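Student: The chain contents come next:
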Amino acid sequence: MKKLLTCAAAFALALGIAAGSASAQDKLKACWIYVGAIGDFGWTYEHDQGRLAVEKELGDKVQTVFVENVAESDSERAIERLARDGCAIIFTTSFGFMEPTLKVAKKFPDVKFEHATGFKTADNVTTYNAKFHEGRYVIGQIAAKMSQTGTAGYIVSFPIPEVVAGINAFMLGAQTVKPDFKVKIIWVNSWYDPGKEADAAKVLFSQGADIIVQHTDSTAALQVAEEQGKHGFGQASDMIKFAPKAQYTAIVDNWAPYYVRRINDVLNGTWKSQSSWDGMAEGTVNIAPYTNLPDDVVKMATETAEAIKTGKLHPFTGPITKQDGTVAGEAGKPLADGDILGMNWYVKGVDDQLPK
Amino acid sequence: MDASLAVLLTIVTAATPLLLAAIGELVVERSGVLNLGVEGMMVMGAVAGFGAAFLTGNPYVGVIAAIIAGMAMALLFGLLTLTLVSNQVATGLSLTLLGLGLSGLLGESFVGEPGARLPKYFGVDMLIPFSFILTAAVAYVLFRTKAGLIIRAVGDSHNSAHALGYRVIWVRYLCVLFGGGCAGLAGGYLSLVYTPQWVENMTAGRGWIALALVVFASWMPWRLVAGAYLFGAISILSFVGQTRAWDIPTQFMNSLPYLGTILALVVISANRRLTRMNAPASLGQAFVPDR
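Protein sequence lines correspond, in order, to chains A and B. Numbering-wise (our numbering), the first sequence opens with residue 69 and increments by one. Numbering-wise (our numbering), the second sequence opens with residue 92 and increments by one.
Warning: the hint list may mix true and false statements.
Said to hold, decoys possible - Cross-link-like lysine-lysine pairs, in silico, DSBU-like; alpha carbons within 35 Å at most:
1) A:309 <-> B:211
2) B:237 <-> A:250
3) A:95 <-> A:213
4) B:211 <-> A:313
Keep in mind the hints are simulated off the structure, nothing from the lab. Since the structure is predicted, the reported quantities are computational estimates derived from the model, not experimental observations.
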């Protein structure tokens with residue numbers, strides 16, 4: 069009798085669990101892993117805005133989950149946890165998540181993985197990136213026009229191709245206005261460290277730069293610019309709230325169109341592994357409203373942005389002279405995507421040694 | 092502004108939070124308590140300072156709130172280690188973890204908001220000269236007043252001090268609260284002056300550096316100033332080196348401040364006479380008054 073009751077209880081329990089998980093399975097579970105905090109008002113913030121857009125548009129069919137502040141060294145555990153928890157698609161939003169994503173993807177062939185800013189794909193792993201360098205070209209032109217010392221200060225994190233391409237695009241844009249424009253670069257070895265970024269900004273201003281550009285995620289550098297009466301550009305989000313007089317414009321990432329598109333693909337069963345690279349044309353890279361700028365500069369920047377959007381102008385149109393004197397690209401033709409994605413050289417005019 | 096003056100000012104602002112937190116910890120350790128919770132108290136001070144300034148619109152309220160938050164954490168630490176006689180090292184570490192987590196939770200709604208900055212007077216942040224005044228005050232009290240003598244006595248031999256009739260636990264409580272207040276103030280400096288915003292874990296390990304600086308300074312207040320400024324200088328100069336295109340790997344330059352601290356600690360510890368002369372002999376030992 070006891071054995072029968074135990075069996076019946078176990079059966080009921082199993083049924084209950086199955087029913088519970090089945091009802092949870094009705095909605096597609098889409099998960100995001102962030103390297104920073106959603107409140108960084110930069111990179112991670114914009115990804116989370118994309119996630120919220122997915123919720124708004126597809127909320128009846130999709131349930132979203134996110135994990136923030138995942139250190140790259142800890143990411144394998146976090147990604148695996150999400151995969152086990154029933155996520156159908158997982159977006160890993162940092163370059164450093166590349167190997168952990170691939171590792172976990174091998175273990176969970178039915179789960180789809182999307183890795184931002186990476187370059188390795190698999191059957192169930194896609195990479196997606198944005199052509200930030202298009203935005204950098206525009207702000208390079210603005211910087212060269214507005215700088216009174218002819219020198220910009222660039223705060224960067226790690227020497228990965230995307231960052232190097234950003235510096236190069238910025239310089240190429242600046243050189244169209246002022247061929248001998250200079251840039252001073254500080255590597256803070258972190259994507260997000262407000263204290264260090266503030267220190268770097270202060271040092272750059274003291275060394276002759278009067279415009280700050282950053283490829284790091286906090287608003288600290290712009291705050292320093294505001295305090296010292298200098299100027300700069302926001303990164304990933306419109307940071308005008310933090311620097312009402314200092315910000316000229318910002319490169320704003322908008323991941324919403326991409327995320328909605330990919331999740332719809334999963335819902336329709338048309339998801340395929342690919343390597344996508346959206347830019348200004350697709351609306352992933354946007355320029356924030358121009359502030360604190362004279363009208364003629366705004367006009368120039370708007371025209372450049374329009375030209376890039378419609379494809380008339382490509383920031384990396386050959387021939388490009390490298391720092392070592394050799395030439396890349398053919399005259400009149402843009403560099404191949406692969407060359408840009410793997411860029412590990414500076415253009416001529418950058419006085420910096422690329423860290424190994 | 093002259094370039095070297097600007098760099099010097101940057102070094103000063105970078106060193107000030109370290110000095111503020113370390114001078115408080117120096118007093119705590121002089122009384123014989125090892126408080127490893129400085130990082131947690133600092134970050135709680137940062138979130139409380141920013142939160143209060145943000146909600147009231149008054150940065151001075153933020154400063155007060157930062158000090159109170161640091162003291163509250165210190166009170167908890169005191170209750171656990173002084174009244175309940177728990178292990179000081181373990182309690183300090185857990186308090187750090189508590190502070191980091193709790194501050195993240197409390198600060199969630201403040202992330203992404205620009206904060207009210209503490210205004211400058213005569214072009215200088217008032218907390219910078221204040222840190223010097225505080226150091227001078229601590230040096231004076233510790234070495235030239237009876238109160239300071241009692242503190243040092245309690246730190247060197249709590250049993251003897253107790254036998255002489257001094258209230259060891261009470262003295263330690265006061266010192267721990269002072270240390271917590273200083274750590275909280277240092278955190279408030281970060282979120283109200285240094286980078287006027289709140290982000291999780293914005294102290295970025297400065298509490299640990301402050302702890303190391305106390306040992307580096309062999310528990311002497313003025314050596315603490317030297318240590319804090321040395322650390323700040325190395326951090327900033329590594330950036331200056333990058334702009335001047337010095338051909339040194341940036342990763343090495345970025346780790347220089349920490350390497351410098353470790354080197355300093357090794358050098359000081361190598362001379363056992365030097366360390367033993369100044370370390371409070373009862374540091375970290377639990378005190379249970381034998382009736």
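Student: Decide if the proposed pair is consistent with the structure: residue 211 (chain B) and residue 313 (chain A), CA atoms, cutoff 35 Å inclusive.
Tutor: holds (19 Å)
Student: What's the verdict on residue 95 (chain A) and residue 213 (chain A), does the C-alpha distance respect the 35 Å limit or exceed it?
Tutor: violated (51 Å)
Student: Does the structure keep residue 237 (chain B) and residue 250 (chain A) at a Cα separation of 35 Å or less?
Tutor: Given that 35 Å is the threshold and the Cα spacing comes to 61 Å, the pair is violated.
Student: Measure nothing beyond the straight line between the CA atoms of residue 309 (chain A) and residue 211 (chain B); if it is 35 Å or shorter, mark the hint as holding.
Tutor: holds (21 Å)
Of the numbered hints listed earlier, those contradicted by the structure are 2, 3.
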